[in-house]
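*Asks:* Residues per chain are reported as follows:
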Amino acid sequence: MNWLTNFVLPKIRAVVAKKDVPDNLWHKCPNCGQMLFHRDLEASLFVCGSCGHHLRLAPERRLSMLFDDGRYDAIELPKTVLDPLKFRDRKRYTERLKEAQARTGTGRDALVVAHGTVAGLPTVIAVFDFDFMGGSMGIAVGEGLLAAARLAVLQEAALLVVPASGGARMQEGILSLMQMSRTTLAVEMVKEKGLPYLVLLSDPTTGGVSASFAMLGDITLAEPGAVIGFTGARVIEETIREKLPEGFQRAEYLLDHGMVDMVVPRRELRDTLARLLGLLRRPAPPAQVVALRG
Amino acid sequence: MRHFLDFEKPLAELEGKIEELRHLSNGGDINIADEVARLEAKVDRLLRQTYAKLSPWQKVQLARHPDRPHGSDYIRELIAEFTPLAGDRSFGEDRAILGGIGRFRGRSVVVLAHEKGTDTETRLKHNFGMAKPEGYRKARRLMALAERFGLPLLTFVDTPGAYPGIDAEARGQAEAIARSIEACLQLTVPMIATIIGEGGSGGALALATGNRVLMMEHSVYSVISPEACASIIWRTAENAQDAAEALKLTAQDLLKLGVIDGIVPEPLGGAHRERQPAVAAAGEAIEAALRPLVALDGPSLRQQRREKFLAMGSRGL
Ligand SMILES: [Zn+2]
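These protein sequence lines are chains A and B, in that order. Under this note's numbering, the first sequence has 251 at position 251, and the numbering climbs by one with no breaks. Under this note's numbering, the second sequence has 194 at position 194, and the numbering climbs by one with no breaks.
It should be emphasised that the hints constitute simulated quantities derived from the structure, not laboratory data. Cβ atoms here follow ideal geometry from the backbone N, Cα and C, with glycine treated the same way. Do not take every clue at face value.
Stated by the list, open to error - Once the Cα atoms are required to be at most 25 Å apart in a straight line, the calculated BS3-like pairs of lysine-lysine come out as:
hint, chain 1, residue 1, chain 2, residue 2
1, B, K308, A, K191
2, A, K86, B, K256
3, B, K308, A, K79
4, B, K308, A, K193
Unchecked claim - Here are some chain A residues pointing at chain B (derived, C-beta under 7 Å):
hint, residue
5, S181
6, S210
7, R234
8, I236
9, I240
Isolated chain A (complex conformation):
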């Protein structure tokens, strides 16, 4: 049980999100095209002040937004087989992995797992990194989610998973498909211990990721405007040769169709999460104040 030692001696990575971007940088809103000042975006939790679009978040930023005081410990995830199929298309898969790692500037794959507290309650949060090969799920991600589940069980913590993923990691072939069963197993480990398993669907959550752990939450939250669905919209359009309805596969569409519990704006997210965890994990009424007689 090598990964256990990793939990006992967690590598303390980020504590509070580091300032890696100069304040005067501009971003363009991918939805409305508005130029947004970096400092303003940070203050608005990366929600466009002009159209309300929720921009994608780097995992560290997401984690510091959710944990109490922005403090958490990221754990080192188990090492897994690289390139099990010796997959090669126009490029070797190992090269694609190296490029992705160079771009994110970390040695990791598409998942970050951290523990800390939310509303004072022990919580494990696993966040996908969409910048790493589209957040695709291969063995490393599957193993990471299993580690997150084991950590939650070990710490008697709630587990929150925040997917941002196009689906399975094609370059790992059938082994990426098997992660759907394996991550479902991870969810089961948490649930059978009576611990809460929550999901925050962020943009995008599609393919094999949506059709496994992401749709199995005790409670499922979604970020406004997030694309959530099994088959990609383009594939559906090409198959049925029909125009897709307005807002198809957006978080609000899923809410209307009974597939998620609520769509939560980012500024209300932490409070909502804290309230839900409090309700689930502190079910007893607060101790009554009884006047002393005598």
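Assemble chain B with the ligand onto chain A, guided by the hints.
*Replies:* Relative to the frame of chain A, chain B with the ligand by itself:
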């Protein structure tokens, strides 16, 4: 009408000639009989040569061969007293997945099987084997039935994938598949999945998270179709052959990867040439896989399935 794949065409020509000669002679002419025997030997040789070195792309074509036995054929041949059961009890009946109860070698079992259909009419009826959420929800309902009565679950997987459509998404395709996988993992009865043709991605996995997963010799099982993979990575579906190579989707590769537990040998030339013996071979393999499992108790069965999937991915090719 029989169908022939491109690489089967030389065989088809020879077999056509044999047919003609037989017709001419009515068995009387000794010279013709010699010629028939000579051609038959040639067919046999050609079959052996071709099938000894099938490419992954040829396997894909075989797995999709329209004359290959389908789910309903396996049910008809292997399951006695088969009684179809319908509906998901919340929206509808999905004929892409057949379900029901019957006897396999005398033992009551629950059966789930994809059915692709064999002609235009039945293909439409069964939606080409592409299930919608109601199909996976029916599957889950029948898994619960198996669980309640302690009956083993046998599944026969043959689907291009889950149906890609607006209605399927609106009714929660992703959730329906996820719940079906979850239901497989929670079973305390034996579950044996057999990939009989095309194991297409999540739509296949939803019925294939079993204690034992078997594959017919010329079936394929993949995270994505070679065509779709090629159009994403090579940006054109024309590289489907390359994608089929790269994806390692044959039964032989999957056995090496530890994803499946066994391969069911098919008659020379593939299941579509000799359907009944192919299905019978699957029956033998299923019986052999099932026998040790029925001796295990519920928690052990669940634990065995769990450990099998946990161990996956620890080794590559
Ligand atoms: Zn905007």
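*Asks:* Quick one: which hint numbers does this structure break? Sort them smallest to largest.
*Replies:* Violated hint: only 7; rest satisfied.
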